[in-house]
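S.K.: Once you have looked at the hints, place chain V on chain E.
Listed here are the chains, written in short residue letters.
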Amino acid sequence: MRLRTYILMRLLLTIPMVLILVTVVFIIMRVMPGDPVVALLGSKAGSEEQIALLRHQLGLDKPVYIQYLEYMGNLLRGDLGYSLVRQDSVVTELATYLPATLELTFCSALLAIPLGVYSGIFAARHAGGKLDASIRIGALVRWCIPVFWFGLALQILVVQTGAALPISGQSSQMEGAAHVTGMYVIDAILAGDPRALADALLHLVLPVITLGTTMAASLSKIARTNVVDVLGEEYIKVASLKGCSEDQVFQKHALPNALIPILTYTGLQVAVLLQGAVLTESVFSWPGVGRLLLFAVGYRDFNLIQGCVVLFALLVSAANLIVDISYSIVDPRVRF
Amino acid sequence: MKKTYTILAAVVILVILAISVGFYYSAPKPSPRVVQTLVLGTTLDVTPNLDPGQNYLTGVLNLNNIVFDPLYEVPPGMFPKAYLAPRLAAGDPVVSADGLHWTIPLRQGVKFQDGTAFNATAVKYSFDRLSTVKSYGAWLLASVNSVDVVDTYTVRLNLKFPNAALKGSLTMPVAGPVSPSAVQRMGLDAFQKTPIGTGPYKYVEWVPGDHVTMAPYTGYWNQSRVPKVILVYKIFADSATMKLAIQKGEIDSAWDNIRYSDYPSLLSDPNLKHVVVAEGYYQLLTLNMGIPGSPLRDVRVRQAVAYSIDQDEISRKVYQGIYSAANDSLFIEGQYPKPSLLMYKPTNVAKAKQLLTDAGYPNGVDVTIWFAGGAIGAPDVEALIQEQLARSGIRAKLQSQETGTWYARFRAGEFESAVGTMSADYLDADSTASFIAASTGSYAKRVRLNDTMIDQLVIQGVATTDPAQRTKIYGDIQDRLAALCVYVPLIHVLDLWFYRNNISGVQGYYFQYSPWWTLDKSVPAS
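Protein chains in written order, with my numbering: chain E, 503 to 838; chain V, 8 to 533.
This is chain E alone, in the form it adopts within the complex (with noise of 0.2 Å):
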């Protein structure tokens, strides 16, 4: 299969898969107490009368298959529809929080990775001694700590210790400062702006060691494991019986072996990271999707709600789909 086709194929299955994920959160959403009528009036405002008219106008007095129909045809159509609480379409409020979430998981990412995979290989390296140990402990602990308190942790020892670090929001509203895409930091870096830059870097410190650190946690462990597994491998002892060094062996063999599952289980904790995002985001007040989405479960926000899951599930997909194709980089095996 030619890697054009496999890609089109991929694609093609992401529809039925949001599909079905679609029809379940509508499932649950409608089967739950409260709509958001009642959720955003609360417990006392709102005449029958007004009620009665809301949900009208947001179509929640037609039967539930009718509303199912229509807003699967309006999915297909590009339109997740309106958000009754935010009062403006899914569509408009899922591009504005979108670069927000993009940048944080995309930089959560770029520390995870590399500080997860290499801690893992160092500890591999090292297997049995006290430098592993102390990598394996610390993953250990980090990956059992939940992302929201060692946020809040995090916060609070910045505040202690007084450390000139921003512990919330995405920027300092400096004047002027540049809104361009949403990713501050490439807005400063397309305005030309250092000290913006800067300020946008600084406000990703903590929210970035708290998601990356959490994936990091984990791959380090899956890094550690693969990477001991193949040293244990024949074709290692073969490599090095024929002279190889201990640095080639171990780059040319072992490494590329290892990797492969290790890819695969990044693409998997795509989705870990956008689930800690929603968390990391409402601890340092960062303007993202996750964010969002709690705002929407709060007050039954049904299209809100459903708009994020289809905006998770394809941003899933999507890593999943480019780790899918970096298989045929690492492993010269795989062809499509």
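These aren't lab readings, by the way, just hints derived from the structure by calculation. Predicted model, so just to flag it, every value in this text is computed and none were measured. Hints should not be assumed to be uniformly reliable.
Taking lysine to any residue and the SDA-like style, the derived pairs with C-alpha atoms no more than 20 Å apart in a straight line are [what the hints assert, rightly or not]:
1) V:K255 to E:V707
2) E:K754 to E:Y829
3) V:K167 to E:E550
4) V:K118 to V:V211
5) V:K200 to E:T683
6) V:K141 to E:D590
7) V:K200 to E:L596
8) V:K141 to E:R557
9) V:K200 to E:V682
10) V:K200 to E:D590
11) V:K358 to V:G371
12) V:K141 to E:T594
13) E:K739 to E:A629
14) V:K200 to E:A597
15) V:K167 to E:Q552
16) E:K744 to E:L733
M.R.: Frame of chain E, contents of chain V only:
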């Protein structure tokens, strides 16, 4: 070779980062601006639609209170015991004898932030447009049938029914006139993002999920209220982070929703001060009269509950004495106050047991108390209530629910009893009386409250504008509610507004009538 390039690339990136950070910290700071920027932290998010006629979220209400002038206001530093003062109105409304026509004189010489003149036509436009847009606040003005332009600076509101509470509704941003020319020029979509009013602040920037920036409107009609600072309304997802941010100095003020458990550490912080903001917000225990088979259907059992609750103990043990006990049942501070629930004070366990025996429950009763897991004081308040009721032989089973689920099931009246909160939507006793006391009110329906005397009193209360008569009427409503014992108030919630020492002009205020135009900031000594 590959390794060398990798190391080299890493070094180059690190050097660039280090230079940027170094530049950030070492670059000469701009000299203090004539107009400082004050960052006000909040957990109340703001949605993309800032149109005062459409949006009813509390965060947006607070912002629009300073971007738009309503016709009447609660003067800063004064509470509803005080007079509702004219703001864009030039005086009190003249109400016709039948209560159906309100003639309101308007202030002259006022300009919208886009330079257009404010007049009666703008007021009429602002009211009329509410029926054409998706408005969550229009119900506040549901009694207004039409608006007439009497002359350039006089409007007449024609009501569907007499409504003495209308003046309270006219203090809300939904009644704040918008610039008609701005709406027409910008189109509704753009207007929603940066609406134009006559208020002391104007919108400058809204960065979704992060902050809203507002600048002083130097052409404001009341020059004594022209703000001294640029205001940045910074949104936090979590109050714990906001608390850390004000301690660190990342924000100048933490305006709302600081958890009461965090008050002691902030109160003892030498870099911070605070004022008390009267929220008009109560916590109460609602007892449902209408659940088949429930012992709470009997008023004596409900009264036994009231005799068992010790609000002072709740305030002391859960809220560290910061919140005070509440004994009025209309839940709107200062409006015709009558602490009718004092008839059940002091706490009297013996009396409660006697009432249960009289009701046919000598061995006590079993009840269920619902509460939302994320609500204020939960689950400590509920646990203490459970303990207090147990002293009288009332065995309470606690049921915690997710907030959205709680709202839905609470609205459906499925609960036997529930701990919740109550506040007024607008500054008039009718704001709560029509919901909780009148049998047509959505709250009253849930507890199956259907009392003819109360219904008549509510109608009378809203039909007369005479303060003395209204005082008597709402006092009688509260007495009757106390006797029926459907709502047992617990505490009166206050907010503490914290701010750093270099901030001045902070005034306590009521509810969402935020007078942020008084704020000022001096550059802290370095």
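S.K.: Any hints this thing doesn't respect? Which numbers, in order?
M.R.: No hint contradicted; all consistent.
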